[in-house]
Amino acid sequence: MTLEDKLERELEELGSTIRPNERLIDAVMSRIEEQGSAKQRGQVLLIRRIIMNRFTKLAAAAAVITMAVVIWSIIPTAVIPTAYALDQTLEACKSKQQVHFTFVNNDNELNKVAWIEYGADGNLARVRVDMAIDSNGEPNNVIVWQEGHTQSWCPKRKELILFDDEQYNAIMLHFVHRYDPRQAVEYMQELEQKGDVEIEIEQPSDRSEPIVVTVNYKPNTFRVESAYPMMREIILVDQTTRLVTAIEVWGIGKDFGLEEEGWQLFGTYRYDGYDEPFEERIFDLKNEVSKDVNIIDLMALDVGLYFTEPNLTEEQIAAATVRAFFESLIAKDYNETARLGSITGEKRAEFIKQMEEMNLNVIEIISIGEPRPHSKPAFGRFLIVPCTIVEEINGQRVEKNIENISVGQTMGHPNRRTVNFDLNAFIK
Amino acid sequence: LQSDGELVSACLDGSKAAFEELVRRYERPVRAVALGVLGDFHRAEDAAQETFIRAWKKLPGLRNQAAFGPWITKIAKHSAINIARCRVRITAQYSGPAKVIDQPDGRLESDKQRLLAVVMKLRRKPRQLIMLRYFSKHSVKEIAQITGRSVGTVTKQLSRARERLRTQFERAEI
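Chains as they are written, first to last, in the numbering used here: chain S, 107 to 534; chain D, 44 to 217.
Treat the hints as calculated values from the structure; they're not laboratory data. Incorrect hints may appear among the rest.
[Said to hold, decoys possible] Straight-line alpha carbon distances no greater than 30 Å define the calculated BS3-like cross-link-like pairs of lysine-lysine that follow:
| # | chain 1 | residue 1 | chain 2 | residue 2 |
| --- | --- | --- | --- | --- |
| 1 | D | 180 | D | 117 |
| 2 | S | 202 | S | 218 |
| 3 | S | 218 | D | 180 |
| 4 | D | 164 | D | 180 |
| 5 | S | 112 | D | 199 |
| 6 | S | 264 | D | 117 |
Use the sequences and the hints to build the structure in full.
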């Protein structure tokens, strides 16, 4: 049997394994039938809210008031909800110590899941963030932060990295500032007082429907850094508990490079649990990682240039680190070069071998230039340090200007700096 | 047999019968895509149901109505990934996508799962043809009507799709 025949037969067999499923078709059609003509009810409602102009709003408000009067006159015992204000949500959130949310994008794909926990003193105690699986269905990174200690698990690289870092504490606080509904609402109120946002509240008379708070940001005032000027958030608040159940993030499509014009839904934060105690074990990734995962404790590693002098500027430290880096190359001390580059474990041995094979012959540092911020945002606070060195090639002195070497804080070490370099790019 | 584009157009005019025809046409390819991600017939069925409901809601946004097939399979993949991810969240354990084992418990046999994985690696259009041919059991003539192409074109494209599949099949050493 040829491979073609085998393939054909196996395809036929595979196809036959997946038999027609009438029950599925019935179930789908039954659900669609239930939705009736309002097949896009949820979306239509939101879009209607967004495009509703002032006139129709007033007309709708008048209609609601009229209906309310009629209902009141017909059913005197009906319960009319208390008028809503954002303060009620802040009050409701105040005592909540555990907040759990998921973020889904506009295609309803899960983007991230997070657990945020405050201590009894109201300070942030623990956070876990699971990034969604990637397009291949493989698990993505997970980060756990607990009182300054961070665990970062990269399943693809099979690495669990442990570190303490003040910069990372700030990142975590910023994350919570963005996504915890209490802090988000507080910030929105501050912006409203400053006149940077307009907040509209719609409170349906049907208590089973959520209160809808529409927050229109003035250009470039969105509460999270955004390259796009026009942003809007729609907060859904439970009528009974006054807690936020979802925050939808909208933006102007054109500004996001989308084909469709007008406001577009970019994603939704769904808050599906308040004060539901988290399992202890989810805050220690060592409980979850498989045995073949490489656990790297950055605090225990001697990497990067260590400095103790308190009054040095970042630029001075960067220049000193680059000087140490080239001195290690001149001395052909590639273990030191690797240490300054924070290259560890098996990769360090590979690096040293590669360096020895390159037969690099740096003989002199001519100058270390003025450090400047890195042009690529991905390098964050790294500083580019331009320099000029001399390399001996075939008995000749060859002067080289190096422009792609940079220095930044070693992860987990406030007092250490790491050199980022690409030997292939600048020394051949 | 109406083309996908015609059926989508009828759906947008309010015909649920047209949508039922699309569901009937694509329920097996959609379950196959979900099965490729989840490795489990029962959960693939859940994903398929969610896929069609989402498709019904999002149908007005489908710009190229003739591209319903590739579009629905993309939704199916995302729905299945969501289901896989939710399971992970609940258990807070990361064993990756469901592992396939040879058991009569609603899971696909391992060799079939591997073949399905190879099919899923095909590009959108050849994958659609393979699925319509082998999963939905349509003839070449019917596929031509569904996709709005000529019989000759479909025959050639199907042949190329099988060729690509064979190449990947060899690479995967099945």
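Are there hints from earlier that the structure breaks, and if so, what are their numbers?
Number 3 only.
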